[in-house]
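*Asks:* From just these sequences and the hints, can you work out the full model?
Taken in sequence, the protein lines are chains A and B.
Position 288 of the first sequence, counting from 1, maps to 288 under my numbering, and the rest follow consecutively.
Position 296 of the second sequence, counting from 1, maps to 296 under my numbering, and the rest follow consecutively.
Because the hints were derived from the structure by calculation, they are not lab data.
Just so we're clear, the structure is a prediction, and the values are computed from it rather than from any experiment.
Each residue gets a CB set at the ideal place from its N, CA and C atoms; glycine is no exception.
Mixed in with the good hints there might be a few duds.
Stated by the list, open to error - If we take Cβ atoms under 7 Å as the criterion, some of the chain B residues that face chain A in the derived model are: (1) V191; (2) R194; (3) A198; (4) S241; (5) N245.
Stated by the list, open to error - Which residues of chain A face chain B? A few of them, derived with a C-beta cut under 10 Å, are: (6) R122; (7) E125; (8) D339; (9) L347; (10) P348; (11) P358; (12) I370.
Listed below, chain by chain, are the residues.
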Amino acid sequence: MNAQQTSLRMEGISKAFAGIAALRGASLEARGGEATAVMGANGAGKSTLMNILGGVVASDRGRIVLDGAETVIRSPRQAAQQGVAFVHQELTMLPTLTVAENIFIDSLPSSGPFIRTREMARQSEALLARLGCSIPPETRVEQLSIGDQQLIEIARALRHKAKVIIFDEPTSSLTGPERQRLFNVIRGLKTDGVVIIYITHFLDEIFSICERVTVMRNGETVWSSPISEVDPAKVVHLMLGVAENEGRIRAPIEAVGEPLIAVTGLRRDGVLRDVDFEIRSGEIVGLWGLLGSGRTELLRALVGLDPIDGGTISWRDGRTLAPIAPERLHAHVGMITEDRRGEGVHLPLSISDNIALPNLKSLLNKWRLIDRGRQNALADAMIDRLKIKASGREQIVATLSGGNQQKVVFGKWLATSPRLFLLDEPTRGLDISAKTEIMRLVVELAEQGCSVLLVSSELQELMRVCDRYLIISRGRLIDELPGSAGASALMGSIAMIDNDLEVAS
Amino acid sequence: MAVTQIAPAPLFAWPSRQRVVSAVLMIATLVAIGVYAPNFFRYHNIINVLLQVSLLGLLAIGMTVVMIVGGIDLSLPANTAMGAVLGALYMKATGDWAVGALIMIAAGLLIGLVNGFAVARLKMIPFVVTLATMTVVSGASVWVTNSLSISQLPDTFIDFFDARPLLGVPVTVLVVAVLAGLVAMLMRSSVAGRWAYAVGINDRAARVARIPIGRVILASYVFSGLMAGLTAILLTARLGSASANMGNDGVVLDIVSACVVGGVSIYGGSGRVPGALFGALLITILSNAMNLIGVSYYLSLIVKGAVIIAFVAIDGRKETKR
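*Replies:* Now the structure itself:
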């Protein structure tokens with residue numbers, strides 16, 4: 001096959017969801033025999049662009065040119081017919097069926113009512129051999145590792161004679177050797193002339209496997225070039241854009257005194273390792289890393305929402321710093337997870353009931369029952385303090401705007417007077433003014449002596465409030481920077497290529 | 001992405017579909033009875049209906065709490081029969097009805113604890129767990145009794161619950177009424193009650209909000225076991241005997257019907273004790289009406305099954321569940 005024959009061009013692609021633009025004239029160019037990395041921060045539009053290519057969503061405008069001919073892709077099935085295959089991050093296998101059945105699931109070879117099992121197995125073996133793997137076709141998929149399942153998914157794509165294969169974060173749950181094997185498979189596909197589109201949050205990977213890079217930001221394609229024309233720092237700059245200087249809400253302070261919390265050797269196999277850090281009272285610490293770096297996992301592990309495999313968390317209780325179990329630490333911490341609607345609030349309940357939930361034991365009357373009057377007073381106080389825009393405390397949280405829902409989440413925790421807040425993307429999906437309000441609130445908490453560990457995908461947001469930065473990559477804290485650090489230093493810190501490709505394990 | 005919308009509090013809220021339909025069903029049933037079997041409204045029959053409603057209602061209260069937390073307890077009637085049989089055997093042997101009654105409660109609590117442990121700690125599916133305990137417990141009751149009814153219980157025991165201290169209403173009905181009021185209040189205003197709803201609505205959010213979800217789930221099954229034990233006492237007193245077939249399959253159907261008709265969602269997180277009692281009343285009257293009008297038992301099963309399906313179909317909660 002002529003390696004330069006296949007080519008893919010997406011031009012002027014626009015897409016809006018409910019009136020909000022997700023893509024604004026985005027473009028993508030990729031060639032057969034090459035892997036093209038598509039990079040972008042959260043919400044940059046890369047998933048939407050790939051979903052359009054894969055037929056999952058329809059574009060509002062724009063065209064797709066495959067092999068020089070304009071192509072219409074309206075459904076995943078049509079995408080498959082046109083030779084576009086998608087290897088998803090979440091694998092789409094049927095675990096109780098065999099390898100061969102999974103490869104052939106959409107058109108099982110049959111004669112009359114019977115499936116030609118032997119024929120199917122033979123063909124599966126041949127496809128898998130092309131990928132350099134020798135899994136018996138009659139193995140049930142549930143018995144395979146994630147890495148092997150991914151190969152099955154690629155074999156499925158090969159069976160459709162895919163000209164374009166999209167890999168969506170294929171290495172996020174692979175071990176080191178599995179990743180090397182995947183890279184070899186991708187190299188093999190490249191020599192066969194397949195167009196590879198590679199989406200990842202791991203910068204180092206694109207430099208070892210991709211020939212071209214396209215960077216997206218705010219629904220637009222902001223860069224497209226051979227990989228040799230960029231370096232990791234450049235890619236991070238392109239992804240995050242020029243940090244618009246919104247101005248600091250508070251100048252960085254140098255926290256003094258003893259630590260409030262000290263973590264040593266925290267480990268969660270395959271996710272986190274060797275995590276050591278301390279936070280002092282009144283300090284806002286930014287946990288800075290790309291998606292998939294382990295930042296969310298670290299926050300969850302600290303309070304026992306995810307299990308840990310080792311390490312010590314020490315907590316200041318009175319004068320001494322004593323080890324504490326994550327589940328116990330939860331009782332002292334205000335936890336705001338990134339999934340506001342799924343974990344932050346109870347959507348069908350009222351503002352009042354939501355705010356009361358972690359505070360019930362402080363609202364009891366002499367009969368040990370919840371005192372409605374005290375609950376209402378608490379809710380009103382929080383609505384007033386956080387300026388929650390609602391018709392009243394009885395409004396159902398599901399009907400509030402995102403910013404006001406987030407304020408309800410803060411309200412729940414504020415009333416418990418936590419000494420530490422763990423905030424995971426507290427402003428996700430909020431508009432500019434709501435974001436600023438939330439950030440002001442974070443500073444206000446710190447002024448009152450609360451400590452904050454803050455995760456955000458938006459660097460400019462961290463730079464408005466943080467007193468210190470912990471840099472996380474592949475589940476390890478790789479650096480620490482002072483609050484005065486500039487944008488380029490922070491971007492540079494996560495662009496450092498980790499020569500040690502091993503994920504924490 | 002954020003859409004600012006401030007919905008004004010509605011001045012008048014339409015009653016839910018489930019309430020409208022159940023009210024219509026109740027009125028239609030009463031009208032049909034009035035036309036075809038006016039004898040129904042005689043004092044003696046009304047007391048009889050109230051007794052039936054109380055016992056079904058007690059089990060429905062247990063089921064309601066489990067369903068609010070997001071589970072289901074199919075073992076309730078079997079659990080009742082087991083407790084009744086064990087307690088009755090003890091009473092017959094010793095004549096000590098108070099200890100016998102305690103045995104009934106202890107048996108209920110123990111079986112509830114087994115269910116709760118399996119669901120909360122071993123993360124097993126409630127439907128399967130309680131179906132299995134139902135089978136085990138039913139089998140054990142038949143085995144213990146040799147399928148014979150245990151009668152000739154102490155008269156003091158039977159007389160105690162059959163007494164009518166207030167306006168001719170039996171003690172059994174009063175006990176259930178007081179208990180229902182207490183549980184309704186606890187579900188609304190106690191920490192445990194709020195936790196139960198929070199876990200049923202969204203266990204992930206409940207966990208982040210520091211709610212010990214395992215303990216809440218465990219407690220819900222222990223509570224339903226307690227209701228089964230209490231039912232064992234009252235039912236044994238009313239019948240004057242205990243037997244393994246007290247907990248036949250039709251009772252499970254009636255309990256689930258009472259709950260779904262009374263607005264308790266099988267998807268968890270919503271429902272009230274008074275609703276479940278109304279459901280128990282409706283199901284009991286519906287059964288009685290069909291009986292009085294001369295509908296065969298088998299046809300009445302068809303009607304009750306259809307009622308469950310109809311009410312699950314109009315359950316508003318399933319639309320809000322993720």
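*Asks:* Each hint should be assessed against the structure and marked as holding or not.
*Replies:* Hints, verified against the model:
no. : hint : verdict
1   : V191 : 5 Å, holds
2   : R194 : 6 Å, holds
3   : A198 : 6 Å, holds
4   : S241 : 40 Å, violated
5   : N245 : 40 Å, violated
6   : R122 : 40 Å, violated
7   : E125 : 38 Å, violated
8   : D339 : 8 Å, holds
9   : L347 : 7 Å, holds
10  : P348 : 6 Å, holds
11  : P358 : 5 Å, holds
12  : I370 : 5 Å, holds
In summary, the structure is inconsistent with hints 4, 5, 6, 7 from the numbered list given earlier, while agreeing with the others.
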